[in-house]
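Chains as they are written, first to last, in my numbering: chain E, 785 to 900; chain P, 6 to 117.
Honestly, the hints are just simulated from the structure, not real lab data. Just so it is clear, the structure is predicted and the values come from calculations on it, not from any experiment. Incorrect hints may appear among the rest.
Claimed, not checked - Dumping the calculated DSSO-like pairs for lysine-lysine here, alpha-carbon to alpha-carbon at most 30 Å:
hint: 1; chain 1: P; residue 1: K31; chain 2: E; residue 2: K892
hint: 2; chain 1: E; residue 1: K839; chain 2: E; residue 2: K895
hint: 3; chain 1: E; residue 1: K892; chain 2: P; residue 2: K18
hint: 4; chain 1: E; residue 1: K857; chain 2: E; residue 2: K839
hint: 5; chain 1: E; residue 1: K839; chain 2: E; residue 2: K854
hint: 6; chain 1: E; residue 1: K857; chain 2: E; residue 2: K892
hint: 7; chain 1: E; residue 1: K895; chain 2: P; residue 2: K31
hint: 8; chain 1: E; residue 1: K862; chain 2: E; residue 2: K839
hint: 9; chain 1: E; residue 1: K895; chain 2: E; residue 2: K854
hint: 10; chain 1: E; residue 1: K899; chain 2: E; residue 2: K862
hint: 11; chain 1: P; residue 1: K31; chain 2: E; residue 2: K839
hint: 12; chain 1: E; residue 1: K899; chain 2: E; residue 2: K839
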Amino acid sequence: AQTVTQSQPEMSVQEAETVTLSCTYDTSESDYYLFWYKQPPSRQMILVIRQEAYKQQNATENRFSVNFQKAAKSFSLKISDSQLGDAAMYFCAYRNYGGSQGNLIFGKGTKLSVKP
Amino acid sequence: DAGVTQSPTHLIKTRGQQVTLRCSPKSGHDTVSWYQQALGQGPQFIFQYYEEEERQRGNFPDRFSGHQFPNYSSELNVNALLLGDSALYLCASSLGGHNEQFFGPGTRLTVL
Numbered sequence: 785a786q787t788v789t790q791s792q793p794e795m796s797v798q799e800a801e802t803v804t805l806s807c808t809y810d811t812s813e814s815d816y817y818l819f820w821y822k823q824p825p826s827r828q829m830i831l832v833i834r835q836e837a838y839k840q841q842n843a844t845e846n847r848f849s850v851n852f853q854k855a856a857k858s859f860s861l862k863i864s865d866s867q868l869g870d871a872a873m874y875f876c877a878y879r880n881y882g883g884s885q886g887n888l889i890f891g892k893g894t895k896l897s898v899k900p
Numbered sequence: 006d007a008g009v010t011q012s013p014t015h016l017i018k019t020r021g022q023q024v025t026l027r028c029s030p031k032s033g034h035d036t037v038s039w040y041q042q043a044l045g046q047g048p049q050f051i052f053q054y055y056e057e058e059e060r061q062r063g064n065f066p067d068r069f070s071g072h073q074f075p076n077y078s079s080e081l082n083v084n085a086l087l088l089g090d091s092a093l094y095l096c097a098s099s100l101g102g103h104n105e106q107f108f109g110p111g112t113r114l115t116v117l
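Only chain P is shown next, with the shape it has when bound in the complex (with noise of 0.2 Å):
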């Protein structure tokens, strides 16, 4: 049984550019939740996909989008990037909004 894959596992961009990253969730789950992790902190928490739809949303600004497939998967899009935006990308899966979240191993974005 596969858990959360993502994909790319690493990924350079420049200022302004624009970057999509993929997760697949674990096999069963319908919910895919993002979380942005920069270098010495913990996840911040930036949208959660549920049935196609984003259900629920951190503080970060329209320039990060995302987007939930009929399979489950899921991709978050992130334009006009800023310097600030290098960071881990987590994503984590879970069967419904509320249950145990399980993480795949994360896309490191830098940014020059």
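Chain E with its partners taken away, still in its complex shape (with noise of 0.2 Å):
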């Protein structure tokens, strides 16, 4: 069964700093995606940005990037320019690709703090 682990509960940046968000995932698949997903207090899970395993490069959205390391089952988030919007929990997620298996598996989260 595929796993995602979130090793960092909480972390903290200051505004305009960047920071990275750290997710490692176990699989026995060679295609599948990834994703981090914001849960601000509002409770609503927005995805944020998403990467397909078969593609090398990694993805951009904006001030968000992602450090995909297929070999080593990696896949960070960072966070340029941080900014006070930017506080909520972060979750990565994992979903195989095409097959029977369309649910996300959720890491257990971190929860970013933006300092002004």
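Each of the two chains sits in its own frame; use the hints to bring them together as a complex.
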């Protein structure tokens, strides 16, 4: 079974600085998707960024980028120029590619605080 | 364009009771997935509905059941509630089972 591990329960960053959130996963599949979701206090889960395992290029969305290391099964999220609105729970998630397994598998999350 | 909506927002029940949670998918979506998020944990997959049938199920007991209606909306039913069922229940919709899932704001269930 696939698992997702986030080893940082809490992280803190100064406004305008850069922070990196860590995620490792375990799977025997070769094709899959990886995601970072943001969950603010409003509780609504919002997709931040997504990576297809078959793509070697790391995904980037504005201030958010990932470092995808397939061999190491590592998928970290870098947030540049941190803003107060970035404060939230961040979840790393995995999903198989195709087949009957369309569900997301989440890590336990990292709580990010942004200091003004 | 309305996103995923869930009702009610909050719910308080006592042990042994039954509860029904509701979800309306994003316009154009035909698949609904349900997740349980206990306090301090990541969401855990309960089941997924497509074409009014349960297509996939996570490691949850039969006390958890669901339904999908012809308009793609969905219900999650939990029977014989336990204290451990207290959680945030998230609904996510997608177009097909393997496309991006859009989440609703969740229903906070408290079992006393």
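Going through the earlier hints one by one, which of them does the structure break, listed in rising order?
Hint check: 12 fails alone, others pass.
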